[in-house]
Amino acid sequence: MRPKHVMVDLKGQARSFFRVKSNLFWVFAFPLLLIIIFGAIFSNLGSEAVTLNVQNLDQGPGSQELLAALNETGMVKLKFISPSADLEQYIKDNSLAHVMVIPANYSSNLASNLTAPIELRLDETVSTSGAVFNAVNGVVNAFNLRMAGGEQHVQIEMGSIVQERFTFLDFFVPGIIGLTIMTTCVFNVQGTISRYRANGIFRKLATTPMTPFEWLLSRILWHLFISFLTLAVIMGFGVLIFGMNMSVNLVVVLMIVAGSAMFSALGMIIARFVKNEETASMAANAITFPMMFLSGTFFQLEMMPSYLQQIAAVLPLTYMSQGLRDAMVYDNLAGAYFNLAVVAVIGVMFVIVAVLITKWEEE
Amino acid sequence: MECLRIKTSGEVRILGHDIEKGQRDIRKRIGVLPQSFNAFDYLTVKENIEYFGGLFDKGVAAEDLIEAVQLQDKRNVWFTNLSGGLKQRVGVAIAMVNDPDLIFLDEPTTGLDPKARREVWEIIRKLKSQNKTVILTTHYMEEAEVLSDRVAIMNDGKFIAMGTPKQIIEQYGSGSTCVVKGANPAAAEAVRSAGMTLEARDGDLMVKLDNKGSLPRLVGLLSGSEVTYDEVLIKGSTLEDVFLKLTGKKLAEAEQ
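From first to last, the protein sequence lines stand for chains A and B.
Take 1 as the starting number for the first sequence in the numbering used here and just add one per residue.
Take 1 as the starting number for the second sequence in the numbering used here and just add one per residue.
Everything labelled a hint here was simulated from the structure, so no lab data went into it.
One should not assume that every hint holds.
DSS-like mimics (lysine-lysine), calculated; alpha carbons at most 30 Å apart, straight line [unchecked claim]:
hint, chain 1, residue 1, chain 2, residue 2
1, B, LYS46, B, LYS158
2, B, LYS115, A, LYS359
3, B, LYS7, A, LYS359
4, B, LYS74, A, LYS21
5, A, LYS11, B, LYS46
6, A, LYS4, B, LYS235
7, B, LYS126, B, LYS58
8, A, LYS21, B, LYS87
9, B, LYS181, A, LYS11
10, B, LYS166, B, LYS181
11, B, LYS7, A, LYS275
12, A, LYS4, B, LYS58
13, B, LYS58, A, LYS359
14, B, LYS115, B, LYS46
15, A, LYS275, B, LYS87
16, A, LYS11, B, LYS58
17, B, LYS7, B, LYS158
18, B, LYS132, A, LYS4
19, A, LYS4, B, LYS28
20, B, LYS245, B, LYS235
21, B, LYS74, A, LYS4
22, B, LYS181, B, LYS235
23, A, LYS4, B, LYS87
24, B, LYS115, B, LYS58
25, B, LYS58, B, LYS128
26, B, LYS158, A, LYS359
27, B, LYS74, A, LYS11
28, B, LYS181, A, LYS21
29, A, LYS359, B, LYS46
30, A, LYS359, B, LYS28
31, B, LYS132, B, LYS7
32, A, LYS359, B, LYS87
33, B, LYS115, B, LYS128
34, B, LYS46, A, LYS4
35, A, LYS11, B, LYS87
Simulated restraints on C-beta separations [claimed, not checked]:
hint, chain 1, residue 1, chain 2, residue 2, range
36, B, GLU11, A, ALA232, 55 to 65 Å
37, A, ALA14, B, LYS7, 32 to 42 Å
38, A, VAL345, B, ASP156, 44 to 54 Å
All C-beta atoms, glycine included, are put in the ideal place defined by N, C-alpha and C.
Could you build all of it, start to finish, from the sequences and the hints given here?
Following this line, the structure appears as structure tokens:
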């Protein structure tokens with residue numbers, strides 16, 4: 001093992017890596033695009049009030065009181081439909097999902113102590129319908145309680161599970177770091193090995209004093225550097241542009257080292273077992289794609305059916321993303337160390353296999 | 001011999017070292033241009049030479065090698081943007097980075113146009129003049145004949161002839177032939193009746209020159225009053241003729 005040989009290869013990669021345009025895309029543009037697109041889709045969830053369309057046929061003070069209370073919850077934004085409008089037609093024309101109708105005799109019914117129904121029409125296929133129902137239900141219950149002169153016996157005290165205020169991006173971005181490290185390491189290493197074997201560079205290197213181990217080591221070190229670059233780019237973007245809360249500590253650094261080595265070694269193993277250049281690239285896709293979507297990068301694992309959660313439990317990216325999230329956002333050190341241990345063990349195994357099976361040329 | 005494959009049987013010594021036990025020492029002293037050579041696409045000519053030079057302890061300065069293969073004006077061009085002939089010249093330069101005593105060039109001119117091929121030949125001649133031993137593998141017999149001091153013809157993994165190009169041609173060739181182009185039937189008749197070996201092909205006569213007296217005799221016969229012809233030329237045997245004769249194959253088949 002000669003450090004000089006490793007340095008020569010590292011220098012070669014440093015000179016050539018960013019001359020390839022697609023590498024620039026995968027390292028810089030791809031993670032930022034994901035953050036911007038998914039950030040825009042998900043970040044508004046739950047933070048903005050849902051629109052509730054109201055057709056108020058009642059002229060009395062009762063309906064005004066109800067609407068004022070609803071408005072005060074801040075959970076719904078009221079939008080009024082003219083009392084003279086044909087409701088069915090209006091709903092169709094405007095594709096409304098949440099509509100409340102206050103009948104004409106609402107106030108008078110209340111005044112005469114009769115049951116005063118209000119009509120709530122919700123599209124159950126829209127995820128915000130539950131929030132609208134809760135808002136209306138809460139207000140109606142409060143009204144009933146007050147009118148009955150009752151007392152509130154059970155009371156809910158609100159407390160947040162996360163200490164600081166986190167946004168969707170805070171959940172999402174550590175996963176994107178893990179995902180980007182996986183794709184760059186697996187595809188780059190697999191692609192390089194398949195290409196060098198096909199175009200004869202390995203045959204040439206075999207005639208030099210450099211050993212396959214020195215070459216592998218250089219490639220793992222280089223992708224480690226690229227992984228830290230990815231971390232810096234994504235964090236810099238998140239903190240500066242989106243004002244996110246993230247911290248880098250020792251566990252994060254160790255997780256990047258372990259994860260990067262694990263995925264580089266995985267790329268080497270794929271390229272060694274699948275000899276043909278195109279087939280190897282398909283194999284890399286077949287292995288990384290399920291991880292992309294099942295490892296809790298885009299949605300929390302708890303949202304998936306249990307059989308998919310069981311698949312997620314054997315995918316290495318699950319542990320890397322969860323560990324990064326624990327360490328960077330949730331400040332859950334115990335969880336972070338557990339996930340780090342899993343990634344480190346898989347990483348060491350993959351690297352050992354990669355070193356054992358790598359030769360310059362197949363006999 | 002290039003330390004690429006594991007030997008199946010026998011014994012090979014390169015520069016005094018056994019090819020199995022002495023691989024490390026051999027690698028330091030040989031230079032190899034592998035078949036269908038490629039360097040790193042996104043490094044320049046100079047950076048590629050520096051890369052491979054860095055893997056050896058002793059070496060030749062990159063600039064000197066660039067000059068040796070005449071790539072001065074391409075030194076900062078990415079390898080991927082070079083033509084086939086220029087890539088092969090980079091390959092020769094890289095094979096020389098460790099100032100080797102023995103250089104293997106595996107089909108260095110395959111796929112090159114005649115001009116690029118001759119440029120590679122020039123570089124190989126220069127290596128010869130620097131007292132480097134060059135082992136050249138080629139399918140082009142003309143190339144072997146022009147460049148080599150010694151030639152070995154290999155067929156189905158066995159040497160079937162070895163020696164200087166001249167020796168091989170003398171030993172296996174069919175001597176010289178005089179070609180009489182556009183000869184009339186009287187010419188053919190005159191030569192045949194004089195007892196000379198000939199072959200008629202598309203109006204041309206191929207007359208075998210068996211001994212020293214053959215040529216003056218033929219010239220005498222051609223001056224006969226009935227005889228007419230367009231052109232006369234003398235053809236020696238080439239290595240290609242020998243190769244075809246020895247292997248019994250067409251060159252095209254051998255190349256496939």
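Structure-based check of each hint:
1. Proposed proximity of LYS46(B) and LYS158(B) is contradicted: the alpha carbons are some 39 Å apart, above 30 Å.
2. For the proposed pair LYS115(B) and LYS359(A), the alpha carbon gap of about 38 Å is over 30 Å, so the pair is violated.
3. For the proposed pair LYS7(B) and LYS359(A), the alpha carbon gap of about 17 Å is at most 30 Å, so the pair holds.
4. The hinted pair formed by LYS74(B) and LYS21(A) meets the criterion: a straight-line CA distance of about 22 Å does not exceed 30 Å.
5. The suggested pairing of LYS11(A) with LYS46(B) holds, with an alpha-carbon distance near 13 Å, which does not exceed 30 Å.
6. Restraint check for LYS4(A) and LYS235(B): the C-alpha separation of about 57 Å exceeds 30 Å, so the hint is violated.
7. Between the alpha carbons of LYS126(B) and LYS58(B) the distance comes to roughly 21 Å, so the proposed pair stays at or under 30 Å and holds.
8. Restraint check for LYS21(A) and LYS87(B): satisfied, since their Cα atoms lie roughly 23 Å apart, inside the 30 Å limit.
9. Simply put, LYS181(B) and LYS11(A) have alpha-carbon atoms about 64 Å apart, too far for the 30 Å limit, and the pair is violated.
10. A threshold of 30 Å between alpha carbons decides the hint, and for LYS166(B) with LYS181(B) the separation of about 27 Å falls inside it, so the pair holds.
11. Restraint check for LYS7(B) and LYS275(A): satisfied, since their Cα atoms lie roughly 24 Å apart, inside the 30 Å limit.
12. A hinted pair counts as satisfied when its Cα atoms are at most 30 Å apart, and LYS4(A) with LYS58(B) qualifies at roughly 13 Å.
13. For the hint linking LYS58(B) to LYS359(A), the alpha-carbon distance of about 25 Å falls within 30 Å, and the restraint holds.
14. At most 30 Å may separate the alpha-carbon atoms for a hinted pair to count; LYS115(B) and LYS46(B) meet this at roughly 24 Å.
15. The suggested pairing of LYS275(A) with LYS87(B) holds, with an alpha-carbon distance near 26 Å, which does not exceed 30 Å.
16. For the given pair, LYS11(A) sits about 19 Å from LYS58(B) by alpha-carbon distance, which is consistent with the 30 Å threshold.
17. Straight-line distance between C-alpha atoms of LYS7(B) and LYS158(B) comes to about 15 Å, which keeps the hinted pair within the 30 Å bound.
18. With a C-alpha separation of about 28 Å, the suggested pair LYS132(B) and LYS4(A) falls inside the 30 Å cut-off, and the hint holds.
19. A threshold of 30 Å between alpha carbons decides the hint, and for LYS4(A) with LYS28(B) the separation of about 15 Å falls inside it, so the pair holds.
20. For the proposed pair LYS245(B) and LYS235(B), the alpha carbon gap of about 16 Å is at most 30 Å, so the pair holds.
21. Annotation: proposed proximity of LYS74(B) to LYS4(A) holds, straight-line Cα distance about 28 Å (limit 30 Å).
22. The straight-line distance between the Cα atoms of LYS181(B) and LYS235(B) is roughly 12 Å, inside the 30 Å bound, and the hint therefore holds.
23. At most 30 Å may separate the alpha-carbon atoms for a hinted pair to count; LYS4(A) and LYS87(B) meet this at roughly 26 Å.
24. Simply put, LYS115(B) and LYS58(B) have alpha-carbon atoms about 33 Å apart, too far for the 30 Å limit, and the pair is violated.
25. The straight-line distance between the Cα atoms of LYS58(B) and LYS128(B) is roughly 21 Å, inside the 30 Å bound, and the hint therefore holds.
26. Under the criterion of a C-alpha separation no larger than 30 Å, the hint pairing LYS158(B) with LYS359(A) is consistent with the structure, at around 29 Å.
27. A threshold of 30 Å between alpha carbons decides the hint, and for LYS74(B) with LYS11(A) the separation of about 21 Å falls inside it, so the pair holds.
28. Taken as a hint, the LYS181(B) and LYS21(A) pair is broken in the structure, with Cα atoms around 62 Å apart against an allowance of 30 Å.
29. As the CA atoms of LYS359(A) and LYS46(B) are separated by approximately 27 Å, the hinted pair is consistent with the 30 Å bound.
30. Among the hinted pairs, LYS359(A) with LYS28(B) is consistent with the structure: their alpha-carbon atoms are about 19 Å apart, no more than 30 Å.
31. Taken as a hint, the LYS132(B) and LYS7(B) pair is honoured in the structure, with Cα atoms around 25 Å apart against an allowance of 30 Å.
32. Proximity of LYS359(A) to LYS87(B) is assessed by CA-CA distance (about 26 Å); at most 30 Å being required, the pair is judged to hold.
33. Under the criterion of a C-alpha separation no larger than 30 Å, the hint pairing LYS115(B) with LYS128(B) is consistent with the structure, at around 20 Å.
34. About 19 Å separates the Cα atoms of LYS46(B) and LYS4(A), which keeps this hinted pair within 30 Å; it holds.
35. Straight-line distance between C-alpha atoms of LYS11(A) and LYS87(B) comes to about 22 Å, which keeps the hinted pair within the 30 Å bound.
36. Distance hint check: the CB atoms of GLU11(B) and ALA232(A) are about 56 Å apart, consistent with the given range 55 to 65 Å.
37. The beta-carbon spacing between ALA14(A) and LYS7(B), approximately 38 Å, falls within the hinted interval of 32 to 42 Å.
38. Taking 44 to 54 Å as the suggested C-beta distance range, the pair VAL345(A) and ASP156(B) conforms, at roughly 53 Å.
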